[in-house]
Amino acid sequence: MQPESLLLVSVLTLLLPFLSFVVNIFFGKKLGKASSIVATSILGLVLLGSFVIFYFKLFAHFDSKVIVNYFLYEFSNEILQLKFTWIDLGSLQIKVGIAIDNLSATMLVVVAMVSFLVHLFSIEYMAGDPRFSRYFAYLGLFTFSMNGIVLANNFLFMYVFWELVGISSYLLIGFWFEKKSAADAGKKAFIVNRVGDLGFFVGIMILYFSFGTVLFDDIFGSIAQGKLPFNSEAILTLAGILIFCGAIGKSAQFPLHVWLPDAMEGPTPVSALIHAATMVAAGVYLTARVYAMFTADALTFIAVIGAITAFISATIAITQYDFKRVLAYSTVSQLGYMIMALGVGAFTMGVFHLVTHAWFKAALFLCSGSVIHAMHHSAHHLGDHHTDPQDIRNMGGLRRTMPWTYRTFLLVTLAISGVPLTSGFLSKDGILAGTLAYAQLTGGWRWFIPIIAFASAGLTAFYMFRLLIVSFHGEPRTKVAEHTKENNWIILLPLFVFSILSLWFFYSPNPLDAQSGWFPKIIVQPKTVVPTETQWDFLITHSFLGESHSSIGKEAHKYLNHFEEVMHHLHYPAMILSLVIAGSGILFAFLFFQFKILNPETFKKQFPFLYSLSFRKWYFDEVYNAIVAGGTVLFARISALFDLYIVDGIVNAWAWVTRNFGHFIGHFDNFVIDGLVNLIANVTGFFGSVLRHIQTGRVQTYVAFAVFGLILLIYFLI
Amino acid sequence: MLEILGFVEDIQKSLFLFLPEVFLVVSLILAILSDLFFKRLKFFNAYVALVGFFAAGISLFYIPKDQVGFLNSFVVDNFSIFIKLIILLTNVIIILMSFNSKELTHNKLSLGEFYTFLIGMTFGMFLVTGSLNLILIYLAVETMSISSYILAGYTKEIKRSSEASLKYVIFGAVSSGLMIYGISLLFGLTGSLNIVEINKILQTSPIPSLAFFISIILILMGFAYKISAVPFHFWTPDVYEGAPITITAYLSVASKVAGFAVLIRFVRSTLVAETSAQQEIWTLISSIDWTFVISILSFLSMTVGNIIALWQNNLKRLLAYSSIAHAGYILMGVAVMNQTGVASVLIYSFIYMIMNLGAFICAMLIANEINSEDINDIEGLGYRAPVLSAIFSIFLFSLIGLPPTAGFIAKFYVFSAVIDAGLIWLAVAGVVNSVISLYYYVKIMRNMFIRGIEVEKEPITFPALNLVVIFLLSIFTLVFGIYFSPIINWANFSANIFVK
Amino acid sequence: MGIGLTHYLVLSAILFGLGLFAIITRKNAVLVLIGVELVLNSANINFVAFSKFNKLNIDGHIAALFVIMLAAIEVAVALAIVLNIYQNYKHINVDEVDTLKE
Amino acid sequence: MQSNLGFPILTLITFLPIVGMLLVLLVPVFKSKEGRELSHTIMRWITVVFTFFQVILAVLLYINFDKTLPGVNDISSFQFVEKITWINANFPIVGQIKIEYFLGVDGISLPMVLLTALVCFIAVFPSFVIHKGVKGYFAMYLLLDTGMMGVFVALDFFLFYVFWEVMLLPMYFLIGIWGGPRKEYAAIKFFIYTLVGSVFMLLVIIGLYFSVGSFNMLEMMNPENYKPDSIFAGMHTTIRYIAFMALFICFAIKVPTVPFHTWLPDAHVEAPTPISVILAGILLKMGTYGIIRIAFPIFPDAAGYFQTLIAWVGMISIIYGALCALGQHKVGQKDFKKLIAYSSVSHMGFVVLGIAAMRPEGVTGAIFQMFNHGTITSMLFMIVGVIYDRTHTRGLDEFGGLATKMPVYTGIMMVAFFAAIGLPGLSSFISEVLVFLGAFNTYPYLAIASGLGIILGAAYMLWALQRVFFGKLPERWNKPWDPTGKEFPGDDLIAREYVAFVPLALIIIFLGIYPNPMLQLMNASVNHFVEILKPYVFIGSFLSGM
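Protein chains in written order, with the numbering used here: chain A, 1 to 718; chain B, 1 to 500; chain C, 1 to 102; chain D, 1 to 546.
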């Protein structure tokens, strides 16, 4: 297969979903139900395309060559690129384009797969919605933008599609805009993301200012040649962190994680697609994309942010009752994991977790969708509109009524909890090992990262099993739960696919070691380009550092760099530790909710503060509403009033003064001049007695004033 | 004996210079006579006057220029001819205007005297523009003043008209008294009444500054009262409001222009030491900064006029104050004290004549129809009389000085002259004033077009003659706003004041 | 010592002031007009005095004649107007003729 | 250089509307009701036809325009030039007064010409709802059209000033007669504000004339042409700074930038929809156009001196305008139009910031933003007009759930709103990005601060979106808009509204995806412009630092 045609395929993969968007927007009304078929089949093509790209990228070999015309192609085994001038300023052009490398090829498959299955799922789930076709249109728009992010080979395109996924997520969260909460959630998501994007954009500005281009390879190239923004490593670090701000927003990292749980207002398949599997992972993807330009400090920042996020959201998830909210917080927590992994240097494992997480989290959400769908139907059937179909306290005993959903849910719960034989175990175990290695290599306060990592691993296992047990085990707690029925195959099929994908053998023959799988071979940590003194020495890849620097000498060449070496050595301890912790988490979950040996209520009583802290989500929303939102609105109100009264007021006051001065002058000769005449009279004080009876009429006052004016004139000019 | 002969010869020669005035005098006499015989024919004198003005106008183009006559007391130059033409045009328009003026036509007394006095006043103004002798100046000013007193009170059974004339006559008498007192002082200081000789004497022999200054100021006040410059403007609003609107229009244009003419000639001939050859900058005699004096007058006039006008609700009174303000703008040109200044004054006077007369005719027509001069009564007029209102707004925009109307050109050249002379503060004051003036001019348009749309009143029709007149005037206002080279060239040609 | 130019000038100045004062202060229109006369005549005194004492030409005398003549005309017209005022107002108090005002 | 076409196209495009105006004035208005309706229809279609001719001419200009010629201060590279001596009078002292009828376009003015033609054509359709004084309305409309077009093609300063002022009078009446409840106040306020600015411009024009001896802008841009010891001779003199400030304030009032903006909300709120469209779509651009065309090239030294101040003004306008717009949700009568008016202040702030950057990206972004803001804000105001025509209210609180009642309308509206937010794929994104990239080069901190404006922009726009289009539809709007079904058949947009909206939406999307057709138009000029200013950037900067 020729590289050009491969790029052509990728362009098609990019544009086809947009076609689905256009078709459904303009002809949705006519198509009616058919619109879903159209959209899904288009997505089928996209999926096919992405598989093709994946296959050829990995197994075909391209000899690098360059064809230059209006479009500029660059091929090599590493990367296939297509560039063209988007913004032509005469003196300087802003070039953009798309690139395919292993990372993007992999990501494409993930996106296409999840999107396709979610389309499938939605056919049944969204059936009968008044804006059925609109829904699929938005899904198409989203997939288009997501593919754009994946394929972008420059910051500008990245930003463009970054905003576009934001807007499509806005539209989909607020899809049921009659509900105020939904509309609010959409707005919140968009604006919070904007905050992150501002940082992202400032980062882009810094880089453009320094290098005059937005292309990744150009920028990295010039950094590698030692050209730094503002010739300062601090600014380079800053730029990295600013770029990462985009990820903080999109991937709902602390402190901007507040929008994601609210985003659950959207239809559940959307949550699965956008807010679990793909879009929120875009932040991780971005971080991985520009990984090469992060300095050690920037990486530390990233790791810390990831760790904090992972822990906070895990603690919150423990006490939530809304089925989807628990999953949402677990998503945030898992994203924290990935970010942390990238931060500590476990690049491969971070990306790996992104992939595995995509599958099992999508599965989890679709399961919840299936559950909620069933609950909804039975509630509808019973004519019961009070019981919230998403509240796990209203569920229970679903294991019997919905066996298949239960089985898949169980499988993926095991995966996310990191039980062996699952994909989740492979990736998570790798990350934990990475954190340990990181802590060991750097030491000091950084030990808190692995500690937090393990703690949240345990919490994850705990709250996931809590969810499983409370909703599926035991006896039905409501009639609604009792009358739920299993859904049809359209809904179940995607569940099965995802749950199967959560098994180990897809990734590695050895269920205990991801390193032996194929994934680490295709996703290799990029060579960092930042100046040597600003990077972790243990992340310096041997290939261009040379054997001598390696501490362990001979066998070093087995590993990419010192870090991987240490990580490898720490692999088994990490595994055992994580198994123990995860196991204990599961055990406690059973003790609490299955066997009721321990009573959660007593814990609430004993640690009211901790409980409410967790239950009220660490009060983030309250604080933000009070300070940020409230502050802004107050300020806005003030300035509006200011504008209404002060700024305008000044002008009007001026006008008033002029007019009334005019009025004053108008009456001048009535009051003042008489006075002046009297004054003159008194000064001349000659005919005093006569003057006492003076009554000047108007024309005479005129004369008097004229004369007085004359005198003034003479007086002042001499 | 020979002296006598010389005088006779001189007078014979001078009669040619005097041809237009002669025509005026003849028509004046004719008018008086006809008024005795054909009392029946209301407008007979109007035609007599028109003929006289026409004859005078024609003769203006044939009399020899740049010559002095009558013992160096009277001069004819392009400057005076320009002014005289403006005055004649004003007269013609006023006469056309008077045909439809209800105030004038709807009363017992015949109009004969009205036109007679018009002619008389015109004669006075003609003299004023050309006279080089202080006494002649005084006589001419008095001639126009006295006729104008009578004209102001012409509709004598109307209370406010008579009141106007009373105020006018008292104020006028006082200022003429002050002027003649000043003249007497100047005569005492220089020993001559001929301003050209005075100028020579001043250049040769030094004179006590204070007395000289006072005398000049007193004389200037006589002129300032004619052009109603602040602080000698107090008669203006009352007289303008009280007098019949035709007369108001006449006073606001003709006598003002005449006043400017005599003012400029007096300053140019008396106070100017010498003029630099190529640049025509006037350097003034004596220590006093006359430019500053006149700048002050100009500043006061426009500011006070505009600011008080903001509060007027009577159309005539508003236009009166606006005319004070415009006097201020024209004075800017005088203050410049060079030929550019004079040219800009001429340009402004000519355009001011067109637009102000137009505005006054519109005001008169409106007042005739709705029997009120209150601008609150013209609400919705734009829908009852669209054409008239549109034309009226053209004049108002011209008075504001917005392109593409002639008013803009007038202001443009005045400001150019002022900036060129470096009086930037005066220019700034001028533009600020035109912004202030915007407010009250627009107030009229607002009432015509924006207010009173709801009330559906029957449309108004106007006498064709005056509609034609204002239509022509508005056309000129626009044409001169877009293509103004002729005026400028003509004004520059006329800006050259003849000095013997 | 004889009477010099200064005396005349002072006299005329006093006349001038009196005239102005009369104009400004008198109620009766006729008295106001008389004030005007005083002013004009003060000017006349100047003219005549100047041309007598400064050994100048006779222009001054001529001027005085003109002024006298004009004063007469002016007063005639003014009196006519005052009469008219009387017809309209039934009085000639200048300060009560003030319907036209701001 | 003669016009590249056979005929004087600029004169044509400028004065065509005047012809239309005369025709409109000639249309007789019959007494009978049908008769009046008929003549009204005739007037409307005359206007449509003439403005459409203008659009065609504009397209001709675009096709025949040579993108390689810079223009700006170089007469030889201006295009479609028409140069006739207009006034030629001899003056003492001043000497020959020569005023030329001098028209021409370059890469800076052509986008504005296109915009003017487009918006004037589009805005005719909302004008169809005018039923009172139709003749006067369309006459004024066309006169306004000429005034605006003239401003963008005039290269003689005197001519420029004439057009600049000509536009005031129709605007005054259009707001004053056909406006809302407080129309008188708004109209006179607009009038006085603009006049205050322009009279000072007049003084500067005269001063420049005496220094250069000609009203030709291009000659004024060349320092050699200044007579020695004339007012504006030399560089970096105080008088030049003052003159520049006078010009800048004159234009800033028009833009309007904070603190000269208070006329805008009133004018917008009171003006009828089509006039708001023209006001926001074209008139505001005159301010920034004046800055680029006149203030900067004629006083480059002063421009460099005040550069930082201007950048600050731009930044403050962005933030302050956005905050005020956001405040409209809390304060006052919560008027939809007022919100959009303030958003204009904010968006024009980007233009000012971009110009102040004095960088190719910045200036290109600024001009492009002018064009985009023209199209986008026109759409926004027409969107408000649509519901106003149907419900006769604009209160943000009085609506909700329109998305269910009027889906197509909502779709159109989303394009406009997201464009206003600066969503990628829509034109304003490109221009704002360019402005930021340019501004960051010169004023990194100001650029970052202005970034807040984008967040606020998203906030107030989405807020409005939610209030008006989302949520539940109030009971009172449940019935069809007009029961007769004559004026608004169906609840959604009607034909002439489609005609108005669709072209704009298409342009916004197209330029958002492929901006080059517009950018390449200005490249040569912008780069030349930046070259001219380069020597003066940051010389003895006022408010230096930052």
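Possibly wrong hints are sitting among the right ones.
Claimed, not checked - Non-contacting residues of chain C with respect to chain B, defined by C-beta distances greater than 10 Å in every case (computed): (1) ILE3; (2) GLY4; (3) ILE23; (4) LYS27; (5) ASN28; (6) VAL39; (7) ASN46; (8) ALA78; (9) ILE81; (10) VAL94.
Said to hold, decoys possible - Subject to a maximum C-alpha distance of 30 Å in a straight line, what follows is the list of computed DSSO-like cross-link-like pairs (lysine-lysine): (11) LYS159(B) / LYS52(C); (12) LYS443(B) / LYS457(B); (13) LYS95(A) / LYS67(D); (14) LYS180(A) / LYS227(D); (15) LYS200(B) / LYS42(B); (16) LYS179(A) / LYS479(D); (17) LYS67(D) / LYS534(D); (18) LYS67(D) / LYS180(A); (19) LYS29(A) / LYS405(D); (20) LYS472(D) / LYS443(B); (21) LYS13(B) / LYS102(B); (22) LYS98(D) / LYS31(D); (23) LYS33(A) / LYS479(D); (24) LYS132(D) / LYS179(A); (25) LYS83(D) / LYS29(A); (26) LYS527(A) / LYS227(A); (27) LYS30(A) / LYS405(D); (28) LYS405(D) / LYS180(A); (29) LYS457(B) / LYS132(D); (30) LYS443(B) / LYS405(D); (31) LYS52(C) / LYS156(B); (32) LYS90(C) / LYS102(B); (33) LYS180(A) / LYS479(D); (34) LYS457(B) / LYS83(D); (35) LYS156(B) / LYS27(C).
None of these hints come from the bench; they were simulated from the model. From a predicted model like this one, the values you see are computed outputs, not experimental measurements. For each residue, glycine too, the CB sits at the ideal point set by N, CA and C.
Practice task
Just double-check VAL94(C) for me: nearest Cβ-Cβ distance to chain B has to come out over 10 Å.
Solution key: Given that some Cβ of chain B is not farther than 10 Å from that of VAL94(C), nearest at about 7 Å, it is violated.
Practice task
Given the hint that LYS457(B) pairs with LYS132(D), test it: the Cα-Cα distance must not exceed 30 Å.
Solution key: Given pair LYS457(B), LYS132(D) holds - Cα atoms ~15 Å apart, limit 30 Å.
Exercise for the section: Take the C-alpha atoms of LYS95(A) and LYS67(D), compute the straight-line distance between them, and say whether it is at most 30 Å. Expected result: It holds: about 21 Å lies between the C-alpha atoms, which stays within 30 Å.
Exercise for the section: Could you let me know if the closest chain B CB is still more than 10 Å away from the CB of ALA78(C)? Expected result: violated (5 Å)
Practice task
Hey, is ILE81(C) genuinely clear of chain B, shortest beta carbon separation above 10 Å?
Solution key: violated (5 Å)
Practice task
Sort out whether LYS83(D) lies within 30 Å of LYS457(B), counting only the CA atoms.
Solution key: Not OK: LYS457(B) and LYS83(D) at ~49 Å, beyond 30 Å, violated.
Problem - Pairwise hint evaluation, LYS227(A) against LYS527(A), where the allowed Cα distance is 30 Å at most - result: Holds, because 17 Å separates the two Cα atoms, which is no more than 30 Å.
Practice task
Measure nothing beyond the straight line between the CA atoms of LYS90(C) and LYS102(B); if it is 30 Å or shorter, mark the hint as holding.
Solution key: Measuring from Cα to Cα gives roughly 26 Å; hence the hint holds.
Handout entry: Status of GLY4(C), Cβ more than 10 Å from any chain B Cβ
Key = holds (13 Å)
Exercise for the section: Mind checking the alpha carbons of LYS179(A) and LYS479(D) for me, to see if they're no more than 30 Å apart? Expected result: holds (22 Å)
Exercise for the section: Examine each Cβ of chain B, and state whether all of them lie more than 10 Å from the Cβ of VAL39(C). Expected result: violated (3 Å)
Exercise for the section: Take a quick look at whether LYS13(B) and LYS102(B) sit within 30 Å of each other, Cα to Cα. Expected result: violated (45 Å)
When the structure is compared with the earlier hints, violations turn up for hints 3, 6, 7, 8, 9, 10, 11, 14, 15, 18, 20, 21, 22, 24, 25, 30, 31 and 34 and for no others.
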